[in-house]
Amino acid sequence: TIDDIKNALKSGADKVAINTRAVKEPAFINQASKIFGSQCIVSSIEAKSIKGGKWEVYTDNGREPTGKDVIEWAKHVEELGAGEIMLTSIDQEGTKKGFDVNLYQSVVRSVSIPVIASGGMGKSDDAVKLIKHANVDAIAIASVLHYKIESVQDIKNILLENQIKVRI
Numbered sequence: 004t005i006d007d008i009k010n011a012l013k014s015g016a017d018k019v020a021i022n023t024r025a026v027k028e029p030a031f032i033n034q035a036s037k038i039f040g041s042q043c044i045v046s047s048i049e050a051k052s053i054k055g056g057k058w059e060v061y062t063d064n065g066r067e068p069t070g071k072d073v074i075e076w077a078k079h080v081e082e083l084g085a086g087e088i089m090l091t092s093i094d095q096e097g098t099k100k101g102f103d104v105n106l107y108q109s110v111v112r113s114v115s116i117p118v119i120a121s122g123g124m125g126k127s128d129d130a131v132k133l134i135k136h137a138n139v140d141a142i143a144i145a146s147v148l149h150y151k152i153e154s155v156q157d158i159k160n161i162l163l164e165n166q167i168k169v170r171i
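Residue numbers (the numbering used here): 4 to 171.
Quick caveat, the hints were computed from the structure, so don't treat them as lab data.
One or more of the hints may lead you astray.
Unchecked claim - Once the Cα atoms are required to be at most 20 Å apart in a straight line, the calculated DMTMM-like pairs of lysine to aspartate or glutamate come out as:
#  : residue 1 : residue 2
1  : Lys57     : Glu75
2  : Lys126    : Glu164
3  : Lys9      : Asp72
4  : Lys100    : Glu28
5  : Lys18     : Asp140
6  : Lys132    : Glu96
7  : Lys159    : Asp140
8  : Lys126    : Asp157
9  : Lys78     : Glu59
10 : Lys78     : Glu28
11 : Lys37     : Glu82
12 : Lys151    : Asp128
13 : Lys54     : Glu67
14 : Lys168    : Asp140
15 : Lys132    : Asp94
16 : Lys71     : Glu82
17 : Lys37     : Glu59
18 : Lys100    : Asp72
19 : Lys27     : Asp72
20 : Lys132    : Glu153
21 : Lys78     : Asp140
22 : Lys54     : Asp94
23 : Lys37     : Asp17
24 : Lys57     : Glu67
25 : Lys13     : Glu28
26 : Lys126    : Asp140
27 : Lys57     : Glu96
28 : Lys9      : Glu28
29 : Lys51     : Asp72
30 : Lys27     : Asp17
31 : Lys132    : Glu164
32 : Lys27     : Asp7
33 : Lys57     : Asp72
34 : Lys37     : Glu81
35 : Lys54     : Glu75
36 : Lys151    : Glu81
37 : Lys71     : Glu81
Claimed, not checked - Label-pair restraints from in silico Cβ distances:
#  : residue 1 : residue 2 : range
38 : Lys100    : Lys9      : 36 to 42 Å
39 : Leu12     : Val155    : 22 to 28 Å
40 : Thr98     : Gly55     : 35 to 41 Å
Positions of the beta carbon are idealized from the N, C-alpha and C atoms, including for glycine.
With the sequences and hints as input, model every part of the structure.
The structure is reproduced here in structure tokens:
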């Protein structure tokens with residue numbers, strides 16, 4: 004709700020990611036971005052691969068198919084006022100087998116707002132490959148850090164060695 008967003012921002016959040024509510028009521032993104040500014044509103048898109056090299060939007064933490072095409076939905080949330088997209092590959096999430104580069108390439112090419120990639124990183128080289136081939140704006144990582152596969156500093160060093168700008 005608008006009150007939920009207000010409470011999150013008052014509590015120190017800079018941004019709020021919205022998925023299920025936005026899919027069920029797209030005008031909510033527009034309403035929220037008008038009230039709080041598009042820089043605060045992140046459209047969270049959960050994508051699952053389907054036939055024909057396409058992806059379908061899912062909701063409810065990747066449990067519910069929507070019938071919506073990911074590329075068309077990404078364009079639409081940008082039009083509605085989302086300031087960023089956090090794109091998660093359901094197929095790769097938690098596998099540590101690397102990112103679905105084609106998915107991220109397709110969305111990055113379709114929108115002009117920043118895209119955050121999530122789902123699949125198993126090692127620093129996965130991040131290097133994704134950034135070089137899909138030009139995402141950011142990467143969300145979890146398993147690599149949770150399971151102490153690599154440290155933040157190790158990941159940053161590999162990115163720097165591959166001429167990818169990163170804050171130290």
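A quick look at each hint next to the structure:
no.: 1; hint: Lys57 - Glu75; in the structure: holds, 11 Å
no.: 2; hint: Lys126 - Glu164; in the structure: holds, 15 Å
no.: 3; hint: Lys9 - Asp72; in the structure: violated, 30 Å
no.: 4; hint: Lys100 - Glu28; in the structure: violated, 34 Å
no.: 5; hint: Lys18 - Asp140; in the structure: holds, 15 Å
no.: 6; hint: Lys132 - Glu96; in the structure: holds, 17 Å
no.: 7; hint: Lys159 - Asp140; in the structure: holds, 15 Å
no.: 8; hint: Lys126 - Asp157; in the structure: holds, 10 Å
no.: 9; hint: Lys78 - Glu59; in the structure: holds, 14 Å
no.: 10; hint: Lys78 - Glu28; in the structure: holds, 16 Å
no.: 11; hint: Lys37 - Glu82; in the structure: holds, 12 Å
no.: 12; hint: Lys151 - Asp128; in the structure: holds, 16 Å
no.: 13; hint: Lys54 - Glu67; in the structure: holds, 17 Å
no.: 14; hint: Lys168 - Asp140; in the structure: holds, 11 Å
no.: 15; hint: Lys132 - Asp94; in the structure: holds, 18 Å
no.: 16; hint: Lys71 - Glu82; in the structure: holds, 16 Å
no.: 17; hint: Lys37 - Glu59; in the structure: violated, 27 Å
no.: 18; hint: Lys100 - Asp72; in the structure: violated, 24 Å
no.: 19; hint: Lys27 - Asp72; in the structure: holds, 14 Å
no.: 20; hint: Lys132 - Glu153; in the structure: holds, 17 Å
no.: 21; hint: Lys78 - Asp140; in the structure: holds, 17 Å
no.: 22; hint: Lys54 - Asp94; in the structure: holds, 13 Å
no.: 23; hint: Lys37 - Asp17; in the structure: holds, 16 Å
no.: 24; hint: Lys57 - Glu67; in the structure: holds, 17 Å
no.: 25; hint: Lys13 - Glu28; in the structure: violated, 24 Å
no.: 26; hint: Lys126 - Asp140; in the structure: holds, 18 Å
no.: 27; hint: Lys57 - Glu96; in the structure: holds, 17 Å
no.: 28; hint: Lys9 - Glu28; in the structure: holds, 18 Å
no.: 29; hint: Lys51 - Asp72; in the structure: holds, 10 Å
no.: 30; hint: Lys27 - Asp17; in the structure: violated, 24 Å
no.: 31; hint: Lys132 - Glu164; in the structure: holds, 13 Å
no.: 32; hint: Lys27 - Asp7; in the structure: holds, 17 Å
no.: 33; hint: Lys57 - Asp72; in the structure: holds, 7 Å
no.: 34; hint: Lys37 - Glu81; in the structure: holds, 13 Å
no.: 35; hint: Lys54 - Glu75; in the structure: holds, 16 Å
no.: 36; hint: Lys151 - Glu81; in the structure: violated, 35 Å
no.: 37; hint: Lys71 - Glu81; in the structure: holds, 15 Å
no.: 38; hint: Lys100 - Lys9: 36 to 42 Å; in the structure: holds, 39 Å
no.: 39; hint: Leu12 - Val155: 22 to 28 Å; in the structure: holds, 26 Å
no.: 40; hint: Thr98 - Gly55: 35 to 41 Å; in the structure: violated, 22 Å
The structure shown violates the earlier hints numbered 3, 4, 17, 18, 25, 30, 36 and 40.
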